[in-house]
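Assemble chain B onto chain A, guided by the hints.
If you want the building blocks of each chain, they are given just below.
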Amino acid sequence: MTSLTVDLTNCEREPIHILGHIQSYGYLIAILPDTYTIVHVSENIADLFGHPPAELLGQSVETALTQTKLPAATLIEILNVGTRNGSWESMNPNRFLLNGTDWNLIIHKHQGLILLEWEPVGENNTLVNQQLIAHSLTEVQASRTLADLLQNTAQRVKTIIGFDRVMVYRFGADWHGQVIAEAREDHLEPFLGLHYPASDIPRQARELYKVNLVRLIANAGSQPACLLSAPNWPADQPLDLTHSVLRAVSPVHIQYLKNMGVQASMSISLLYRGELWGLISCHNYTPRFVDYPARQAARFVSQLLSAALEFRKDAEDQTALQQYRQNGQQLHQQLLLSEDVVQALTRQPTTVLNLTTGTGVALLFNNQLYKLGKTPSDADILALADWLKTTDAETFFETDQLPNLYAPAEAFRAEASGLLAIVLSKELNEYLFWFKPERIQQVTWAGNPEKPVIVTEDGQHRLSPRTSFAAWTETVRNTSESWAESEVSAVVKLREDVLQVVTRQANEIRLLNQRLQVAYEELDAFSYTVSHDLRTPLSSIRCYSEILLEEYGQDFTPDARALFQKIIDSTERMRSLIRHILHYSRMGRNDLNAQPVDMKQLLQGIREEIMVTAKDRSLRIDIGDVPPINADPTMVTQVFTNLLSNAAKYTRLKPEAVIRVQGEQTASDVIYSVEDNGIGFDMKQAGKMFDLFKRLENARSFEGSGVGLAIVKRIINRHQGKIWFHSEPDRGTTFSVTFPAVPTI
Amino acid sequence: MVDVLYVEDNANDADIFNRLMRKLNRPISFTILTTGSEAVEYLTGQGRYENQPTALPKLLLLDLNLTGLSGVEVMEHIRSNERTRFIPIVAFSTSDSPTDIRSAYEAGVNAYVVKPGSYPATGLLLSRLYDFWLQDNTRTHYR
Chain A
1 MTSLTVDLTN
11 CEREPIHILG
21 HIQSYGYLIA
31 ILPDTYTIVH
41 VSENIADLFG
51 HPPAELLGQS
61 VETALTQTKL
71 PAATLIEILN
81 VGTRNGSWES
91 MNPNRFLLNG
101 TDWNLIIHKH
111 QGLILLEWEP
121 VGENNTLVNQ
131 QLIAHSLTEV
141 QASRTLADLL
151 QNTAQRVKTI
161 IGFDRVMVYR
171 FGADWHGQVI
181 AEAREDHLEP
191 FLGLHYPASD
201 IPRQARELYK
211 VNLVRLIANA
221 GSQPACLLSA
231 PNWPADQPLD
241 LTHSVLRAVS
251 PVHIQYLKNM
261 GVQASMSISL
271 LYRGELWGLI
281 SCHNYTPRFV
291 DYPARQAARF
301 VSQLLSAALE
311 FRKDAEDQTA
321 LQQYRQNGQQ
331 LHQQLLLSED
341 VVQALTRQPT
351 TVLNLTTGTG
361 VALLFNNQLY
371 KLGKTPSDAD
381 ILALADWLKT
391 TDAETFFETD
401 QLPNLYAPAE
411 AFRAEASGLL
421 AIVLSKELNE
431 YLFWFKPERI
441 QQVTWAGNPE
451 KPVIVTEDGQ
461 HRLSPRTSFA
471 AWTETVRNTS
481 ESWAESEVSA
491 VVKLREDVLQ
501 VVTRQANEIR
511 LLNQRLQVAY
521 EELDAFSYTV
531 SHDLRTPLSS
541 IRCYSEILLE
551 EYGQDFTPDA
561 RALFQKIIDS
571 TERMRSLIRH
581 ILHYSRMGRN
591 DLNAQPVDMK
601 QLLQGIREEI
611 MVTAKDRSLR
621 IDIGDVPPIN
631 ADPTMVTQVF
641 TNLLSNAAKY
651 TRLKPEAVIR
661 VQGEQTASDV
671 IYSVEDNGIG
681 FDMKQAGKMF
691 DLFKRLENAR
701 SFEGSGVGLA
711 IVKRIINRHQ
721 GKIWFHSEPD
731 RGTTFSVTFP
741 AVPTI
Chain B
1 MVDVLYVEDN
11 ANDADIFNRL
21 MRKLNRPISF
31 TILTTGSEAV
41 EYLTGQGRYE
51 NQPTALPKLL
61 LLDLNLTGLS
71 GVEVMEHIRS
81 NERTRFIPIV
91 AFSTSDSPTD
101 IRSAYEAGVN
111 AYVVKPGSYP
121 ATGLLLSRLY
131 DFWLQDNTRT
141 HYR
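So the protein sequences, as listed, match chains A and B.
For reference, each letter of the first sequence is one residue, going 1 to 745 in my numbering.
For reference, each letter of the second sequence is one residue, going 1 to 143 in my numbering.
Read the hints as simulated data drawn from the structure, not as lab findings.
Note that the coordinates shown come from a computational prediction; the quantities given were computed from them, not determined experimentally.
Ideal Cβ placement from N, Cα and C applies to all residues, glycine included.
Some clues are possibly wrong.
[What the hints assert, rightly or not] Residues from chain B shown here face chain A by an in silico Cβ test under 7 Å; the list is partial:
no., residue
1, Asn12
2, Ile16
3, Asn65
4, Thr94
5, Ser95
6, Gly117
7, Tyr119
For reference, chain A alone in the conformation it holds in the complex:
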């Protein structure tokens, strides 16, 4: 065998079905179907027939038997039957006694040639094989879990072929494999759970595994036998060994086996819906031959298992789906029972973590983040939500390689290489995330990745599981297990359930709003009634009292006149009360029309009005530095009118009344103060200051309704401002109000 530079790339390119070698424990002859003329023989053919290859090529197949005691007619008869029936499978193996040894002849036709392969007959007991097959059938029929079924099958195959180790190896979506069941000799290190890179079984090998369900390498250390062709045979048409039972395996694979210390190997394909689902991979640490009937038994077990997979796997998927569905239903129940979405999804026995195989969950809801299991940090999740908003994900988002789509995720790939997210509301930034960890974390290495690459004496790098793993980890870095259909559908269903609850709650709020609107409208109508219908008869009472006084007053006693005056004064007081209440109610509801207000002009206007009514007393209103504010001009006028009128009112008894208005601009506010030298009040009573209709004791002799400051307070609140005051009896009062520099109305 020529020394090959062994690496994974040349492995991918190897044309392994036309290698031109067979394993040397058997012998091969290829003949033309019409004439039975020999066109290919294996170079070791002389061991069996006594003729060197050159003597046989171009001759009839009968020539091969001339040195043996086997009559040529026996072989010819078999070939004739096969040709007549157009079928070879059913006759295999044909048992021959050649020179005192039993051989199994396996015949098949492929690409216009009949291939005859002789291999030894082992000591295998056909009866035992049949029992094992029967047991396998029972096993498959029994309703067990897939894991149990596979484990028992591994044991059964081990019994049939007697190898040291039998593994069931399952391919992932990326064709890397994992050992999911194993039967082995007790002294052997377990391989169960180990992962192998996809490159361990390259694509063209996998294609062959679909065609040729059972392959045996009886002795990895033996020298393969070359195939020789008839002299006139075209060199570009080598013998196709696709269906050969003796076909030698790739030197790369032999090297691979040697690296693992395996001397004999056998693999049995497991197919699921026509695709390669896995392999039963058998290792023996010494050379071991498995004869054709035993291999057939193993193959039958494989076919049984493949058939079982078809419905068992569906059933398992169904079970997973069922489980997610059940948990989904439980969550739905919790949502219906609890008004609180967060509570229902994260704080009950069943949580959103039970809805997938994800290992972490984050719920971003109502500007709060709730986490379960292993998740990225709060900041990372919030940034992820921002990023998700930029994608076209409208309902859900699914990836098993988040860092490749969103580079910052590389920082938290350990927790979240896989992301499944549902969008509850893009506008409100509400999402549910499920995370799956990076797969490398979950992988148990087949071999120690730290172990250095073996370099042979001649300086060649030998292929080893270590180097191939390095390549594999590169390809699977940043990826997680993929999300199953059942997980996605469970999550999408949950989204519907959550949205339904959220919508219902929103509807309730909308209904409340509508009722509030109706209440406001009724209040409006009431206000209107107060303003008109109550004031009209009040005016009548007053006017008629005045008419009586005017027209008949001269006939009244002074006492009667005084009584009439009381009626008139009372109507006036009631009229003023009604007006103030209306103002107060309007200040709560009118839309704010914020704009820059020229305070100088506004305050001067108010001063003029007040000075008109105070012309018979000594009152000074000083307007100091008055920066503009951003506010509703009408309401601000109301505020300062009330504050200044109050100041004017409560300074009435002072010989020299002085009111000072000043403003100051700070970084965040504009602060105004109105200071007077009036009667002041006891700060102990200050709590009542802004209550509707509340008046302080020492203000009793002053006219007022107790509404003015309540209106002021209301207006300031609506502007997101503040109001406070300082006062002492007989030392005046200072009111301070602030307006935000930038109103957030």
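Showing chain B alone in chain A's frame:
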């Protein structure tokens, strides 16, 4: 030919108005109508005023809160009729609500006066109104 047309559905207010007019002792002729629809018919010569040609008043004093056709609706009729569109109208209302005031101006009122609610104050107000609207103000119609 009247100087003042007063539209008022409240009998007391109308009565007080009558008394004040007498008391004012000024040669001002006036008519009081109690519904908005009658006012419109009166001014546009329709309905019950179809065969009684009426001259336009120099001033229309219009209560806003009327049963049936409201003051604002009356104004809309008047302002959309070629003959009456420039009649001076003074809204005379109990309401000082900003929305009422605004809608009155939007309907085309010339002035808005809140009823003082007091006999002497109303008298004073009417006297001032007449000084301005009947003497100082120049109108488009002289018939």
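Results for each hint:
At its closest, the beta carbon of asparagine 12 of chain B sits 4 Å from a beta carbon of chain A; the interface hint therefore holds under the 7 Å criterion. The beta carbon of isoleucine 16 of chain B is positioned within 7 Å of a beta carbon in chain A (closest approach about 5 Å), and the interface hint is therefore held. At its closest, the beta carbon of asparagine 65 of chain B sits 5 Å from a beta carbon of chain A; the interface hint therefore holds under the 7 Å criterion. With its C-beta approaching chain A no nearer than about 5 Å, threonine 94 of chain B sits inside the 7 Å limit, and its interface hint holds.
The interface hint given for serine 95 of chain B holds, since its Cβ lies 5 Å from the closest Cβ of chain A, which is under the 7 Å cut-off. Hint on glycine 117 of chain B holds. Least Cβ distance to chain A is approximately 4 Å, under the 7 Å limit. Using the Cβ-Cβ criterion of 7 Å, the hint placing tyrosine 119 of chain B at the interface with chain A is satisfied: the shortest such distance is roughly 4 Å.
When held up to the earlier numbered hints, the structure conflicts with none and fits them all.
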